[in-house]
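**Student:** Please model the entire structure based on the sequences and the hints provided.
What follows is the residue order along each chain.
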Amino acid sequence: MAISLHQVVEALGGSLHGNPHKQVTGLASLKQAESSDISFLSNVKYERELAECKAACVIVSPHLAAVAEKRGDYIVTDQPYVYFALLTQFWKQQHTPKSAGSIHPSAVVDTKAVVDKTAVIGALCVLEAGARIGANTVLKSRVTVAENCVVGDNCLLHSGVVIGADGFGFAPHKSATGLNWVKIEQLGAVQIGNDVEIGANTCIDRGALHDTVIEDGVKLDNLIQIGHNVRIGRHTVIAAASALAGSTEIGAYCMIGGCVSIAGHLTIAPHTEISGASVVTHSIHKAGTYTGLFPLDDNASWGKNAAALKQLSALRDRLRKLEKTHK
Amino acid sequence: MAISLHQVVEALGGSLHGNPHKQVTGLASLKQAESSDISFLSNVKYERELAECKAACVIVSPHLAAVAEKRGDYIVTDQPYVYFALLTQFWKQQHTPKSAGSIHPSAVVDTKAVVDKTAVIGALCVLEAGARIGANTVLKSRVTVAENCVVGDNCLLHSGVVIGADGFGFAPHKSATGLNWVKIEQLGAVQIGNDVEIGANTCIDRGALHDTVIEDGVKLDNLIQIGHNVRIGRHTVIAAASALAGSTEIGAYCMIGGCVSIAGHLTIAPHTEISGASVVTHSIHKAGTYTGLFPLDDNASWGKNAAALKQLSALRDRLRKLEKTHK
Amino acid sequence: MAISLHQVVEALGGSLHGNPHKQVTGLASLKQAESSDISFLSNVKYERELAECKAACVIVSPHLAAVAEKRGDYIVTDQPYVYFALLTQFWKQQHTPKSAGSIHPSAVVDTKAVVDKTAVIGALCVLEAGARIGANTVLKSRVTVAENCVVGDNCLLHSGVVIGADGFGFAPHKSATGLNWVKIEQLGAVQIGNDVEIGANTCIDRGALHDTVIEDGVKLDNLIQIGHNVRIGRHTVIAAASALAGSTEIGAYCMIGGCVSIAGHLTIAPHTEISGASVVTHSIHKAGTYTGLFPLDDNASWGKNAAALKQLSALRDRLRKLEKTHK
Numbered sequence: 001m002a003i004s005l006h007q008v009v010e011a012l013g014g015s016l017h018g019n020p021h022k023q024v025t026g027l028a029s030l031k032q033a034e035s036s037d038i039s040f041l042s043n044v045k046y047e048r049e050l051a052e053c054k055a056a057c058v059i060v061s062p063h064l065a066a067v068a069e070k071r072g073d074y075i076v077t078d079q080p081y082v083y084f085a086l087l088t089q090f091w092k093q094q095h096t097p098k099s100a101g102s103i104h105p106s107a108v109v110d111t112k113a114v115v116d117k118t119a120v121i122g123a124l125c126v127l128e129a130g131a132r133i134g135a136n137t138v139l140k141s142r143v144t145v146a147e148n149c150v151v152g153d154n155c156l157l158h159s160g161v162v163i164g165a166d167g168f169g170f171a172p173h174k175s176a177t178g179l180n181w182v183k184i185e186q187l188g189a190v191q192i193g194n195d196v197e198i199g200a201n202t203c204i205d206r207g208a209l210h211d212t213v214i215e216d217g218v219k220l221d222n223l224i225q226i227g228h229n230v231r232i233g234r235h236t237v238i239a240a241a242s243a244l245a246g247s248t249e250i251g252a253y254c255m256i257g258g259c260v261s262i263a264g265h266l267t268i269a270p271h272t273e274i275s276g277a278s279v280v281t282h283s284i285h286k287a288g289t290y291t292g293l294f295p296l297d298d299n300a301s302w303g304k305n306a307a308a309l310k311q312l313s314a315l316r317d318r319l320r321k322l323e324k325t326h327k
Numbered sequence: 328m329a330i331s332l333h334q335v336v337e338a339l340g341g342s343l344h345g346n347p348h349k350q351v352t353g354l355a356s357l358k359q360a361e362s363s364d365i366s367f368l369s370n371v372k373y374e375r376e377l378a379e380c381k382a383a384c385v386i387v388s389p390h391l392a393a394v395a396e397k398r399g400d401y402i403v404t405d406q407p408y409v410y411f412a413l414l415t416q417f418w419k420q421q422h423t424p425k426s427a428g429s430i431h432p433s434a435v436v437d438t439k440a441v442v443d444k445t446a447v448i449g450a451l452c453v454l455e456a457g458a459r460i461g462a463n464t465v466l467k468s469r470v471t472v473a474e475n476c477v478v479g480d481n482c483l484l485h486s487g488v489v490i491g492a493d494g495f496g497f498a499p500h501k502s503a504t505g506l507n508w509v510k511i512e513q514l515g516a517v518q519i520g521n522d523v524e525i526g527a528n529t530c531i532d533r534g535a536l537h538d539t540v541i542e543d544g545v546k547l548d549n550l551i552q553i554g555h556n557v558r559i560g561r562h563t564v565i566a567a568a569s570a571l572a573g574s575t576e577i578g579a580y581c582m583i584g585g586c587v588s589i590a591g592h593l594t595i596a597p598h599t600e601i602s603g604a605s606v607v608t609h610s611i612h613k614a615g616t617y618t619g620l621f622p623l624d625d626n627a628s629w630g631k632n633a634a635a636l637k638q639l640s641a642l643r644d645r646l647r648k649l650e651k652t653h654k
Numbered sequence: 655m656a657i658s659l660h661q662v663v664e665a666l667g668g669s670l671h672g673n674p675h676k677q678v679t680g681l682a683s684l685k686q687a688e689s690s691d692i693s694f695l696s697n698v699k700y701e702r703e704l705a706e707c708k709a710a711c712v713i714v715s716p717h718l719a720a721v722a723e724k725r726g727d728y729i730v731t732d733q734p735y736v737y738f739a740l741l742t743q744f745w746k747q748q749h750t751p752k753s754a755g756s757i758h759p760s761a762v763v764d765t766k767a768v769v770d771k772t773a774v775i776g777a778l779c780v781l782e783a784g785a786r787i788g789a790n791t792v793l794k795s796r797v798t799v800a801e802n803c804v805v806g807d808n809c810l811l812h813s814g815v816v817i818g819a820d821g822f823g824f825a826p827h828k829s830a831t832g833l834n835w836v837k838i839e840q841l842g843a844v845q846i847g848n849d850v851e852i853g854a855n856t857c858i859d860r861g862a863l864h865d866t867v868i869e870d871g872v873k874l875d876n877l878i879q880i881g882h883n884v885r886i887g888r889h890t891v892i893a894a895a896s897a898l899a900g901s902t903e904i905g906a907y908c909m910i911g912g913c914v915s916i917a918g919h920l921t922i923a924p925h926t927e928i929s930g931a932s933v934v935t936h937s938i939h940k941a942g943t944y945t946g947l948f949p950l951d952d953n954a955s956w957g958k959n960a961a962a963l964k965q966l967s968a969l970r971d972r973l974r975k976l977e978k979t980h981k
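Chains as they are written, first to last, in the numbering used here: chain A, 1 to 327; chain B, 328 to 654; chain C, 655 to 981.
Hints should not be assumed to be uniformly reliable.
Said to hold, decoys possible - Cut-off 20 Å, straight-line C-alpha distance, at most; resulting in silico cross-link-like pairs (PhoX-like, lysine-lysine):
| hint | chain 1 | residue 1 | chain 2 | residue 2 |
| --- | --- | --- | --- | --- |
| 1 | C | Lys964 | A | Lys310 |
| 2 | B | Lys648 | A | Lys112 |
| 3 | A | Lys304 | B | Lys648 |
If you're looking for bench data, these hints aren't it; they were derived computationally from the structure.
**Tutor:** Okay, here's the thing in structure tokens:
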């Protein structure tokens, strides 16, 4: 299947410099593009690759137009990466047009669940009583949305997602031998806004007394844990395998890497960035980039340094003592 | 829906100081309670919030009765948090009475599986041959209990749980280019005791030769990995996204935070506490609280300290040398 | 059910020293073996346990034959652990013969999916259009293989696995208040080679423009995240709860522990070993064993050392200064 450059700019805008009748049959990175692909340059550091790119057409920003001109056909646009993203959407739409609203016959939908007629509910999904699914939202296969949980419009939930399992709440009861645990029923639900994407096998627990809230535009990757009563501010993104403990509030526009662990009852300021694999045990009140992970080393070196680390406080004291003697 | 304070104390005990006919329509924290809610005070440090709390009634311990008296209606009980937990159970029972034993018609139950007649098997669950589900146990939607695995009485397994996938066992076979892996069939199963709760998408692998065992009263949060041959002692709790490698034995009454990683073939003493995001590579023979995680810092500071950390052992040697010279 | 030692060596080779008619009714470790079990010795350090082992027969390597002789019946083979692995396979085959190719009636298989007639598709699996499943491959219950994803021959995918969810790709779009995210449709798929095992609830995302690739013989444990465009080289093993970010390439024959986090766009050399819970933020060009994790300590000691760690770079500077003064 092929589309012409004319079709591209007609659909997505930008100014085409080249042959509007030229056909492209695929999308590719600068390096991997063949002569019938369309590619893009989002990062100035790949400028060198631009000259050698074999693509039929390249999407560039205005200040790279001169370089692109020497190479061949190109489309100029202010945000080439956004343009490319929209092109992937246009491309997918051409190849596999979005299905009209539908509920797969294998899905188990409670009679008290409410599904917008434009929503797509995939195979073997479960919607419990009181679940609500908004307009144009797509649930891929095997998604559970439990009692009274709400998913907004234009959301995409991938396979295996669980919305509204019980939060992890137990009251400690002292017994003769130790603590037993009395279940605290989780009486809240989950509210998910519009334009939210949730990755495969990610879990968002229902609130204990009030609701867990995911605001508009949030993007969650796979295998993420969102504890009860958490609130995630709009347009925040979280990469895979991260875990947020209960009652933590993440501000809007945060960028949280993969494998990040955030303790419960914290507040993270809007626009905060947290590097992958970091552990957050205190609130962050000032936006910035934060990191905390042990640097990788060859095993032997790590072993020596890790052993020394267990004496670090003592080493500091010895250094202080030496400094004093030396004055 | 509303219940009276009389109904509360009739069901749960405690001594009511106030109007037994007063109706409450919700449960809430001290801070968020409205005038028709019931609330509780579990922690003395929230005593100030008690005075300002708008709730219809507050559950307190005996030594806070005097403070509560000044505010309005209250119930006195020895363990307010446990009382509140029981109240959430009573509340849920009033609003959505527990269903009688049932197997959802969409569940796939092998003819050789045994399900107690009081158990509830949710939509799209899979029970393989030899699986056994005990009395009053509830499997939410999309739970798998594989061949010969046993779940006791009064358990609650959340959506997406997988009980009895194969443990990760392979024998290394030397080839000319490197190690190939020969599968070790996992001939054991999983035994889960009574009163166990297991969170969404958590996995408990079957044992290699014997069984993986989860004792009575254990509470596991979401997205936890339990390797083959593990044993978890009674009433131990583990928060979300933790992973226990094969053949490790966790004692009774432990409290393990979220995102904790525990290596294989270890023994953890009863009553041990492990902070979230810690990594355990050696057995713990003495109960206590253990921690090991890199503190978060702004990215630039982290970078400098992490670089220095890779020379820490050398720094220690230099300090020693300096100390010797200085004697 | 019992098998004779004669049946064992007839099926698996090795030289039997003992009574070929002796029946064994179970497999067990040296320590746990009863008098009707068969056991094995893979590691010289357990030689002491060999003498005391009660098993009906023990599998040993040639240099331990003399020790085994004193104890009772034994089988000699070059690689006892591999022999034992093959014995578990033989054992399982005797007890629960592999089913012929079949698709469980509850599975949802698109008319455009292609399933080899010898493959076994378990209960409540979902195969979308263009999915291909190879010969003798087994999908346990509740596995999703999404559009155009390919699984080779002799693979085993455990319950809850999701193959081909969208990779996590969004173009940042500047708005007045912060970054919004424009979805990049993921136009690639997932290619899985032969002899691959994938653990419960593990997710492998489809590529953005090209395919995510898992080569022959790879073994992945439970709850692993494989990002889009990743390539994992043949016979590499990865333990549970690890996460690989997008576009990273792992060489062949690597051994990656559990809870390992690997950043995106990295290259890991073949034959590399990474210790559990380590974080990899740079490419590894030289094979070796690498580690990076904070050592566990009692909470108080950890607190002191972690505090000092935040001043480590400054401590190094102070030490340098002291050294200079001292020259």
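**Student:** None of the hints should be skipped; say for each whether it holds.
**Tutor:** Hints, one by one, checked against the model:
1. Lys964(C) to Lys310(A): holds (14 Å)
2. Lys648(B) to Lys112(A): Between Lys648(B) and Lys112(A) the Cα gap is close to 76 Å, so the pair fails against 20 Å, i.e. violated.
3. Lys304(A) to Lys648(B): It holds: about 17 Å lies between the C-alpha atoms, which stays within 20 Å.
Taken one by one, the earlier hints fail for this structure only at number 2.
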